[in-house]
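**Student:** Using the sequences and the hints given, assemble the complete structure.
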Amino acid sequence: MSDQHGKIVVEKASKVFREGTVVAFRNLDLVVQEHETLCIVGPSGCGKTTLLRCIAGLIPLTSGKILIDGQPVCEPRAGVAVVFQHFGLLPWKTVADNVAFGLVMAGAPRARIAEQVARCLRLVGLEGFERSYPYQLSGGMQQRVGLARALAVDPSVLLMDEPFASVDAQTRELLQEELLALMAREPKTMVFITHSIDEALVLGDRVAVLSSRPGRVKEILTVAFPRPRNMAWIRAQDTYIALRNYIWEQLRPSVVA
Amino acid sequence: MQVPTQVQAARAATGDAEQEALGRLRESRRRQWLLTLAIRVGSLAVVLAAWEVVGRQINPILFAPPSAVARAAVELIGSGELWRYLSQSLLVLAYGFALGAVLGVAAGLLMARFWVLDVALETYITALYSIPMVAVVPVLVLWLGFDVVAKTAVIFLFTFFPITINTYQGVKHVDPRLIEVGRAFRANETRLWQHIVLPAALPFIIAGLRLAIGRGLIAMVFADIYTAISGIGYLIVRYASIYQVDKMFVPVVTLGVLGVSLTGLLRLVERRLAPWLHQESHE
Chain A
1 MSDQHGKIVV EKASKVFREG TVVAFRNLDL VVQEHETLCI VGPSGCGKTT LLRCIAGLIP
61 LTSGKILIDG QPVCEPRAGV AVVFQHFGLL PWKTVADNVA FGLVMAGAPR ARIAEQVARC
121 LRLVGLEGFE RSYPYQLSGG MQQRVGLARA LAVDPSVLLM DEPFASVDAQ TRELLQEELL
181 ALMAREPKTM VFITHSIDEA LVLGDRVAVL SSRPGRVKEI LTVAFPRPRN MAWIRAQDTY
241 IALRNYIWEQ LRPSVVA
Chain B
1 MQVPTQVQAA RAATGDAEQE ALGRLRESRR RQWLLTLAIR VGSLAVVLAA WEVVGRQINP
61 ILFAPPSAVA RAAVELIGSG ELWRYLSQSL LVLAYGFALG AVLGVAAGLL MARFWVLDVA
121 LETYITALYS IPMVAVVPVL VLWLGFDVVA KTAVIFLFTF FPITINTYQG VKHVDPRLIE
181 VGRAFRANET RLWQHIVLPA ALPFIIAGLR LAIGRGLIAM VFADIYTAIS GIGYLIVRYA
241 SIYQVDKMFV PVVTLGVLGV SLTGLLRLVE RRLAPWLHQE SHE
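First to last, the protein sequences are chains A and B.
Take 1 as the starting number for the first sequence in this note's numbering and just add one per residue.
Take 1 as the starting number for the second sequence in this note's numbering and just add one per residue.
Derived by calculation from the structure, the hints in this document are not laboratory data.
Glycine included, every Cβ here is placed at the ideal spot set by N, Cα and C.
Any given hint might turn out to be false.
As the list claims (entries may be wrong) - Listed below are several chain B residues computed to face chain A (Cβ distance under 10 Å; list not exhaustive): (1) Val181; (2) Leu192; (3) Pro199.
**Tutor:** Take a look at the structure:
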């Protein structure tokens with residue numbers, strides 16, 4: 001058993017690609033507490049997405065271990081849902097069928113699927129789009145579908161892989177706000193990968209700053225803004241500005257322009 | 001909240017401008033469509049006219065203008081002769097194509113799924129695909145005789161390989177990110193194929209069928225002429241041998257029309273089954 005307790009425990013984790021020539025991260029330790037949002041920021045290529053895929057059980061670690069609820073992760077687990085940067089919607093399925101995907105894969109009964117799909121579409125504000133196809137929606141709406149699909153399986157852990165990175169700035173703001181509201185209503189453990197310091201500070205209870213290859217945790221900062229959170233209020237705080245500048249100073253050396 | 005009149009006016013103006021822009025877009029699309037149609041009709045008219053002019057100057061034993069072909073067509077269709085022979089050929093085409101489609105899709109899927117089959121069979125498939133199938137026909141006749149079985153086999157051989165190869169490619173080209181989505185949501189293998197791999201490969205498979213239908217038509221005439229002579233191929237050979245070129249052209253043109261319409265039909269099927277491939281993106 002691990003000597004550390006937490007919903008998600010990452011212990012001395014390393015991931016090496018191409019027979020050792022590329023090190024994504026090495027000897028990485030992280031703990032995420034139940035109902036906590038941990039944001040991970042870092043420069044491109046610091047292995048943050050790789051780390052998330054390891055936590056999701058999509059790819060194996062080279063060494064070390066990852067535990068969720070004390071159980072080692074070796075394949076995708078029930079109760080863990082991923083939201084992808086590329087949305088990952090199935091173009092041949094309607095919005096409703098995309099949201100139902102995880103439940104159908106789990107062999108859930110029809111009635112429960114219908115109920116969950118309706119509930120989650122309501123949560124992300126997409127009622128009335130059940131029969132649309134992804135290609136008929138804007139990027140922001142597509143990612144709402146991605147989020148609803150993740151929520152539909154009632155996960156206790158949400159893994160977010162730069163989910164708002166490919167939507168426009170205003171939409172991103174809106175989605176962040178809605179995600180905060182969702183988390184307030186149904187608290188979940190969340191690991192949120194982002195390259196936006198602002199996004200990390202607004203959403204995270206803690207922010208882990210990763211360094212460039214090989215990725216390691218440079219520092220973990222506690223972001224103590226009260227919940228429920230108001231983004232405009234947070235951005236007006238001196239603490240916010242100080243943290244933002246500090247993290248940027250941390251990242252600056254490893255950002256190669 | 002009270003909305004200032006200026007804002008209301010600005011809103012109305014914007015609304016009008018939007019309607020106008022949409023109208024313009026629709027209008028330009030309609031014009032594009034009409035232009036396409038006009039060019040098609042125009043080019044057809046030019047080709048037919050040239051054919052008519054040249055056709056009239058050549059000895060009717062060797063060539064026929066479209067007007068003569070049209071008259072011959074009326075006669076052959078009216079007497080039921082064209083359909084009688086065409087239906088024989090189409091029946092064999094249906095057998096061979098169905099067999100090629102079913103076995104081709106199955107082989108493509110199996111090779112894409114099972115690495116052993118892929119490695120074991122890939123070379124043969126590529127080699128057989130590159131042999132001109134025409135060369136195999138005499139052997140088929142030797143083995144299978146002259147009748148329906150041999151004819152079906154010819155068409156099968158022409159259609160099987162493009163369908164196999166396209167199906168295989170379709171499966172191999174499934175977006176790996178979507179496979180990962182499937183795995184993240186804990187899809188088992190059956191469901192992964194049912195919900196992700198097969199729908200993703202479908203457009204490739206249909207493209208394979210489209211390719212195969214063209215080759216199938218070639219094979220059909222080939223089988224008509226080079227096994228026991230029959231069907232539409234017989235019609236062509238017979239009228240050529242008695243120098244009734246106008247009548248000979250009727251089945252030839254029929255084959256062209258058949259090719260265009262069968263391919264068009266498969267395009268329609270593809271549009272229906274994979275609408276996301278033909279939509280402009282949102283923005």
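**Student:** Against this structure, judge whether each hint is valid.
**Tutor:** Now the hints, each set against the structure:
1. Val181: holds, 4 Å
2. Leu192: holds, 9 Å
3. Pro199: Constraint on proline 199 (chain B) satisfied, holds at 4 Å.
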